[in-house]
Amino acid sequence: MTYYRYCAPYESDYTQQRYGVFIAVWHLIRDKKVSPKDEQAYWEARDWFEENLPIPPFHAEGNPRRAITWFKDSVMNSEVVAKLSIYRDIAQRYGTEIELISTEDPGLIIYEDEYQIASAPLETALA
1 MTYYRYCAPY
11 ESDYTQQRYG
21 VFIAVWHLIR
31 DKKVSPKDEQ
41 AYWEARDWFE
51 ENLPIPPFHA
61 EGNPRRAITW
71 FKDSVMNSEV
81 VAKLSIYRDI
91 AQRYGTEIEL
101 ISTEDPGLII
111 YEDEYQIASA
121 PLETALA
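No gaps in the numbering here: position 78 of the sequence shown is 78 in full-length UniProt numbering, and each next residue is one more.
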(Lines of atoms letter the chains of each structure in order from A and count residues from 1; the text may use other names and numbers.)
(Lines give C-alpha, C1' and ligand atoms only; values in the text may rest on other atoms or scores of the structure.)
Protein backbone atom coordinates (compact mmCIF):
# COMPACT_ATOMS: atom_id res chain seq x y z
CA MET A 1 0.00 0.00 0.00
CA THR A 2 1.14 3.52 -0.69
CA TYR A 3 0.89 6.18 2.02
CA TYR A 4 0.84 9.95 1.48
CA ARG A 5 1.92 12.93 3.55
CA TYR A 6 1.54 16.66 2.93
CA CYS A 7 4.76 18.29 4.17
CA ALA A 8 6.35 21.67 4.64
CA PRO A 9 9.95 22.08 3.44
CA TYR A 10 11.38 22.33 6.97
CA GLU A 11 12.07 19.70 9.63
CA SER A 12 10.90 19.28 13.19
CA ASP A 13 13.76 19.16 15.67
CA TYR A 14 11.61 16.75 17.70
CA THR A 15 10.70 14.12 15.09
CA GLN A 16 13.62 14.75 12.72
CA GLN A 17 11.02 14.64 9.93
CA ARG A 18 9.43 17.35 7.84
CA TYR A 19 6.47 19.08 9.45
CA GLY A 20 3.10 17.97 8.19
CA VAL A 21 0.57 20.43 6.81
CA PHE A 22 -1.43 20.60 10.05
CA ILE A 23 1.54 21.78 12.12
CA ALA A 24 2.99 23.98 9.38
CA VAL A 25 -0.24 25.95 9.14
CA TRP A 26 -0.67 25.99 12.92
CA HIS A 27 2.75 27.68 13.17
CA LEU A 28 1.51 30.46 10.87
CA ILE A 29 -1.61 30.91 13.01
CA ARG A 30 0.30 30.74 16.31
CA ASP A 31 2.86 33.27 15.10
CA LYS A 32 0.12 35.66 13.89
CA LYS A 33 1.40 35.64 10.31
CA VAL A 34 -1.98 35.33 8.58
CA SER A 35 -4.86 37.68 7.84
CA PRO A 36 -7.99 37.59 10.01
CA LYS A 37 -9.86 36.02 7.08
CA ASP A 38 -7.30 33.21 6.76
CA GLU A 39 -7.27 32.69 10.51
CA GLN A 40 -11.05 32.30 10.48
CA ALA A 41 -10.79 29.82 7.59
CA TYR A 42 -8.17 27.90 9.58
CA TRP A 43 -10.37 27.60 12.68
CA GLU A 44 -13.41 26.57 10.65
CA ALA A 45 -11.40 23.88 8.87
CA ARG A 46 -9.83 22.76 12.14
CA ASP A 47 -13.27 22.32 13.70
CA TRP A 48 -14.27 20.22 10.70
CA PHE A 49 -11.13 18.06 10.95
CA GLU A 50 -11.61 17.53 14.68
CA GLU A 51 -15.13 16.23 13.97
CA ASN A 52 -14.23 14.09 10.96
CA LEU A 53 -10.62 12.89 11.27
CA PRO A 54 -9.59 10.85 14.31
CA ILE A 55 -6.78 12.37 16.36
CA PRO A 56 -4.21 9.68 17.15
CA PRO A 57 -4.10 9.17 20.93
CA PHE A 58 -0.35 9.72 21.19
CA HIS A 59 -0.87 13.43 20.47
CA ALA A 60 -2.63 13.82 23.84
CA GLU A 61 0.52 12.40 25.44
CA GLY A 62 2.82 14.86 23.66
CA ASN A 63 3.80 12.36 20.96
CA PRO A 64 6.47 10.59 23.05
CA ARG A 65 7.26 8.16 20.23
CA ARG A 66 7.94 10.98 17.77
CA ALA A 67 5.43 9.58 15.31
CA ILE A 68 4.35 11.13 12.03
CA THR A 69 1.08 10.47 10.24
CA TRP A 70 0.41 9.38 6.68
CA PHE A 71 -2.85 9.21 4.76
CA LYS A 72 -3.87 5.86 3.33
CA ASP A 73 -4.12 5.69 -0.44
CA SER A 74 -7.78 4.71 -0.10
CA VAL A 75 -8.70 8.20 1.16
CA MET A 76 -6.73 10.35 -1.26
CA ASN A 77 -9.92 11.24 -3.15
CA SER A 78 -12.00 11.72 0.00
CA GLU A 79 -13.53 14.83 1.53
CA VAL A 80 -10.88 14.72 4.26
CA VAL A 81 -8.06 15.22 1.79
CA ALA A 82 -10.09 17.71 -0.27
CA LYS A 83 -10.52 19.85 2.86
CA LEU A 84 -6.74 20.04 3.19
CA SER A 85 -6.74 22.42 0.23
CA ILE A 86 -7.76 25.16 2.69
CA TYR A 87 -4.58 24.58 4.68
CA ARG A 88 -2.40 24.17 1.60
CA ASP A 89 -3.72 27.46 0.20
CA ILE A 90 -3.10 29.31 3.47
CA ALA A 91 0.43 27.94 3.69
CA GLN A 92 1.22 28.91 0.12
CA ARG A 93 -0.11 32.45 0.54
CA TYR A 94 2.41 32.99 3.33
CA GLY A 95 5.42 31.44 1.64
CA THR A 96 5.26 27.84 2.86
CA GLU A 97 5.10 25.38 -0.01
CA ILE A 98 3.35 22.14 0.85
CA GLU A 99 4.57 19.07 -1.00
CA LEU A 100 2.79 15.73 -1.33
CA ILE A 101 5.21 12.88 -0.70
CA SER A 102 4.55 9.15 -0.78
CA THR A 103 6.07 5.93 0.47
CA GLU A 104 5.35 2.24 0.49
CA ASP A 105 7.51 1.84 3.60
CA PRO A 106 6.50 4.38 6.25
CA GLY A 107 8.40 2.60 9.02
CA LEU A 108 6.99 0.90 12.10
CA ILE A 109 3.24 1.53 12.22
CA ILE A 110 2.10 2.32 15.76
CA TYR A 111 -1.42 3.57 15.00
CA GLU A 112 -4.04 3.04 12.33
CA ASP A 113 -7.59 4.20 11.68
CA GLU A 114 -9.86 4.40 8.64
CA TYR A 115 -7.97 7.36 7.14
CA GLN A 116 -4.37 7.28 8.31
CA ILE A 117 -1.49 5.48 9.91
CA ALA A 118 1.22 6.77 12.19
CA SER A 119 4.76 5.52 12.07
CA ALA A 120 7.63 6.05 14.46
CA PRO A 121 11.36 5.42 14.50
CA LEU A 122 12.15 1.94 15.79
CA GLU A 123 14.05 3.22 18.83
CA THR A 124 11.03 5.23 20.06
CA ALA A 125 8.23 2.99 18.79
CA LEU A 126 9.24 0.14 21.07
CA ALA A 127 9.81 2.32 24.13
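The set of hints was computed from the structure by calculation and includes no laboratory data.
As the structure is a prediction and not an experimental result, all values here were calculated from the model.
Using N, Cα and C, we set each Cβ at its ideal position, and we do this for glycine too.
Keep in mind that a hint or two might mislead.
[Claimed, not checked] Restraint-style ranges between C-beta atoms, simulated for each label pair:
#: 1; residue 1: 51; residue 2: 105; range: 19 to 25 Å
#: 2; residue 1: 110; residue 2: 29; range: 37 to 43 Å
#: 3; residue 1: 60; residue 2: 30; range: 14 to 20 Å
#: 4; residue 1: 36; residue 2: 95; range: 29 to 35 Å
#: 5; residue 1: 26; residue 2: 79; range: 16 to 22 Å
#: 6; residue 1: 16; residue 2: 81; range: 21 to 27 Å
#: 7; residue 1: 97; residue 2: 13; range: 16 to 22 Å
#: 8; residue 1: 31; residue 2: 77; range: 18 to 24 Å
#: 9; residue 1: 11; residue 2: 55; range: 28 to 34 Å
#: 10; residue 1: 76; residue 2: 97; range: 27 to 33 Å
#: 11; residue 1: 36; residue 2: 105; range: 41 to 47 Å
#: 12; residue 1: 104; residue 2: 77; range: 29 to 35 Å
#: 13; residue 1: 1; residue 2: 33; range: 32 to 38 Å
[What the hints assert, rightly or not] Derived BS3-like pairs (lysine-lysine); straight-line CA-CA distance at most 25 Å:
#: 14; residue 1: 33; residue 2: 72
#: 15; residue 1: 32; residue 2: 72
#: 16; residue 1: 37; residue 2: 72
#: 17; residue 1: 72; residue 2: 83
| Proposed proximity, residue 72 with residue 32 (alpha carbon, max 25 Å) | violated (32 Å)
| task | Confirm or reject the claim that residue 16 and residue 81 have a C-beta distance inside 21 to 27 Å. | result | holds (25 Å)
| query | Is 32 to 38 Å a correct range for the gap between the Cβ atoms of residue 1 and residue 33? | reply | holds (36 Å)
| task | Take the C-beta atom of residue 36 and the C-beta atom of residue 95, compute their distance, and say whether it sits inside 29 to 35 Å. | result | Since residue 36 and residue 95 have Cβ atoms about 18 Å apart, the given range 29 to 35 Å is violated.
| query | Do the Cβ positions of residue 60 and residue 30 conform to the proposed distance bound of 14 to 20 Å? | reply | holds (19 Å)
| said: Please check whether residue 36 and residue 105 have a Cβ separation lying inside 41 to 47 Å. | reply: Given about 42 Å between the Cβ atoms, the range holds.
| 25 Å Cα cutoff - pair residue 33, residue 72 | violated (31 Å)
| said: 19 to 25 Å was suggested as the range; check whether the CB atoms of residue 51 and residue 105 agree with it. | reply: violated (32 Å)
| said: If I claimed the Cβ atoms of residue 76 and residue 97 lie 27 to 33 Å apart, would that claim hold in this structure? | reply: violated (19 Å)
| Taking 16 to 22 Å as the hint, is the beta-carbon distance of residue 26 and residue 79 inside that range? | With Cβ atoms ~21 Å apart, the hint holds.
| query | Given a hinted range of 16 to 22 Å, is it respected by the beta-carbon distance of residue 97 and residue 13? | reply | The hinted range 16 to 22 Å holds for residue 97 and residue 13, with Cβ atoms some 20 Å apart.
| 37 to 43 Å as the expected CB spacing between residue 29 and residue 110, which holds or is violated | The hint (37 to 43 Å, Cβ to Cβ) is violated, given that residue 110 and residue 29 are roughly 27 Å apart.
In summary, the structure is inconsistent with hints 1, 2, 4, 8, 9, 10, 12, 14, 15 and 16 from the numbered list given earlier, while agreeing with the others.
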